[in-house]
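S.K.: Please work from the sequences and hints to get the whole structure.
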Amino acid sequence: MSEDAKREILASIAAALASSRELEGDPPPLDPSTSRCAVPTIAATERLSRFRGMLERVGAGCTVVANLEDAATAVRDTLREAGAEKVAVSNADVVSELAQRLEGVALVDDLGDRAALLDCPAGLTTAQFGIAETGTLVLVSSAETHRLVSLLPPLHVAVLRESRILGTLDDALKVVGPDGDATEISRAITFVTGPSRTADIELTLVVGVHGPKHLQVIVVREEDSA
Amino acid sequence: MNEMRPDTFDENAKAALQDEVLRGALTKATGLFGERRTAAVEEVPDWEPLRERARQVKEEVLAHLDEYLPRFVMNAERQGIVVHWARDAKEACQVVVDLATARGVKTVVKSKSMTTEEIHLNAALEREAVEPVETDLGEWIIQLAGETPSHIIVPAIHKTKRQVAELFTEKIGIPATDDEKELTRCARDVLRARFAEADMGISGANFAIAETGSILLLENEGNIRLTTSLPRFHLAVLGIEKIIPTLADLAAFLRLLPRSGTGQHLTSYQSILSGPRRDGDTEGPEEVHVLLLDNGRSRMLRERVTRQSLACIRCGACLNACPVYQQVGGHAYGSVYPGPIGAIITPQLSGLHKAAQLPYASSLCGACRQVCPVKIDIPELLLHLRHRIASGEGLPGSDVPGRPLLERFGFKLWAWAMRGPRRYRIANRLLRWLAPLRVGPVRAWTAARDLRPPAKRTFRDAWRDGIEDPS
Amino acid sequence: MRVALFPTCLVDQFWPSVGVATVRVLRRVGCEVMFDEQLTCCGQPAFNTGYREEAARVAGPVVDRLDAMGVDAVVVPSGSCGAMFRHLTEVFPSGPRADRARAVASMTHELSSFLVDVLGRTDVGGRFDGRVTWHDGCHGLRELSIHSAPRRLIADVEGAELVEMGSADSCCGFGGTFSVKYPEISVAMLDAKLEKLPNADVRAVVSGDVSCLMQIGGRLSRLGSPVKALHLAELLAGSEGAS
Ligand code: SF4
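These protein sequences, in sequence, are chains A, B and C.
Letter by letter, the first sequence follows residues 1 to 226 in this note's numbering.
Letter by letter, the second sequence follows residues 1 to 471 in this note's numbering.
Letter by letter, the third sequence follows residues 1 to 243 in this note's numbering.
Mixed in with the good hints, there may be bad ones.
[To be verified] Cβ-to-Cβ under 10 Å is the rule here; a few derived chain C residues that face chain B:
hint: 1; residue: ALA56
hint: 2; residue: CYS138
hint: 3; residue: MET189
hint: 4; residue: ASP191
Hints are computed from structural coordinates only; laboratory data are not their basis.
Remember, it's a predicted structure, so these values are computed and weren't measured experimentally.
Beta carbons are placed, not taken as given, at the ideal position from N, Cα and C, and that holds for glycine.
M.R.: Here you go:
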């Protein structure tokens, strides 16, 4: 059935377009002057402050720390403030390193154990990139197992190296795309900009509807820390 | 609740105008979204070039869909995505039902998708004892209430907090509350359990990228991320028009869509999904399928003017800007697609004869065209459809609607009268004689408005007598 | 400058004082005004309802005559009919009339835009005593980009003060046959607009379109409001009493 459907739909498209081309001619080709990059990229020196400002606008927290040691402290503080005694951790190296320094916090690291993840008050991951233009984290699934850890718990703590903050959406789409770092596009690329939100009841904003209620981003400035 | 149909728009609209709660909600929502949109757009210095770029990209794809669609399919299949095709709603539902039953699926979690509403998928699943659970908060409220969405972005815009609370008390047994935070938390808990047990997730897609075979979904709640990552089987249902050429093209649309829809600079989440989990992965669905739906779309490619309708990215801006929608809301249109976009798309998808009122449900004010992020000339399309109705030409693939005979006769008479000065004079006398009788259009006019009486001395009379300057 | 006045069918039949006022204003700024009895209607009512053939039958002789009059410009006291002249190229897509339609369309101007943008005049010598508010007709605003011209003209009318309403650019609900096909919606749209009328003792809602004014004025009078509907030409001519 699907084969018939496919053939018929493609034939119908071809017939419609043939008739359009005959009567109206080919439409003008894409005008290259309407550039793809309508937004000029943001200079490296300005990215962190823009990134941070945009995060704050969407109600996410942002802590900038000097090194991994301080990042561990920041993570610990964030968990303590949220009253989280357990944290789910992704499989990123940096996350494992941080996890070792979180005395007193139980770790959930079996990423196949859905029940445990669903029950966990916090999740700790890294982000592969940040986008200064929009205050966005880019999570690339081929680099880290963090689809669920970043989504299921009510608190998501994400660690990001400053050098990974890109300028614009265009820059980000370039690096995750087929001609960027990866030879093949990753199975799931998730852009995260702030906490989960809804305004479906009388247009009143409520955070934490299906995903995290709170997003805390910890930006690590030191370059050789991991 | 009576099912509303597009061919009873006049009756539906009259009922809506009587509903004070609805109208209050509409005023609030459309006003708020309108203001937020304006503020968000002002932040972007190159808004107009951006719209123009997006329009061109869409037109490029649609005018060459015979190349872009196969390219998308080839790349999707290369990523391990299984692609299905459906000519119409019935076939689409059959494909989905077969996929679900073959896998023994009992519960399906769904994220908001207008395309699945267009084909009435939920009813089809229920008939086969597969339970569809809407997971977008607004959609879930609507599903619990047994209603249909009234707005593209905020489906339950017509429901007050109190009504939602009463509904929750009745259906899920929570204690009465009028705190939207508490209501939202209850919804989260109930739906988390449904997510955990579901064997299949069904989503739509905002864009499908030809270059990579990926689909992109935008959202704020996180239910789409759950739908597409928790169940072992993910199916995305999308119209064949959703294709864009490359990943890089997304940037323009990501800047346009959220700003136009909700006035956000970006929604909370965008998921770019490119296939099932691989060996060694511990997360992501084991199977990812895509269902491509035609259902009347391919014939819209035939002309540039109708083709534009397929460029719509369903942002909802035209609804908020539309003075008719602001008064009557979404249900009156009797279709999944309400407002200006609905008025042009519904007659083309369902057949002109089934929705012949909708192209006239507009004052042609042009507010929709002004806000549309992909520059669809909605008034041009409304005029086009009106012409196809009035002339009796109809549309390709659609029955010819009945022609309004009296109106047609009226315009023939009018054209005769306007053609020459002498006839025109007779018409003036006729008008002066007819107007006080208050029949037909005059009656419709005078129900709530006074009619200025036709002048005894027309302008041309004054001109003939000579127009003096006042001293 | 020799200009042809295209008064529009509504002005001619329902509101002739607007045509008279337009003639006076145009003469006051030094134009030689021409008129011809063949100038009946631009075809818009039929075109907007889907009757393109009928629109062509009506607009055809108008286009021919305007083309033959040998004037420098055509002035229309209506944004809506002014915009319709642009659509005439769709009504006459080919043939000898296509060229004529294009030529006529390119020399046709809505009144306020003609005065301000073509002639560079904002003070045309009108007088009016009191506050007024302005309604942007949709087609003038969105198809001809008429926004500042009428406001500048009003600002220069002696004694008149412009008070903006919050909803100047929202549709009045007229919409041609829409107003009688869906009268309830049409009136609801208007009421939503009128809710935002400024409280400040406004004497008149002024607009550049008689169609909008029939809608607005008809409702105001039904509601017993003292606020009048007034065409810009009447305000500029200083002949408010004529209506
Ligand atoms: S027609 Fe334009 S404004 Fe309306 S929903 Fe579609 S994209 Fe948005």
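S.K.: Now look at each hint and say whether the structure bears it out.
M.R.: Against the structure, the hints come out as follows:
no.	hint	verdict
1	ALA56	holds, 9 Å
2	CYS138	holds, 4 Å
3	MET189	holds, 5 Å
4	ASP191	holds, 9 Å
Figure legend: structure checked against the earlier numbered hints; every hint is met.
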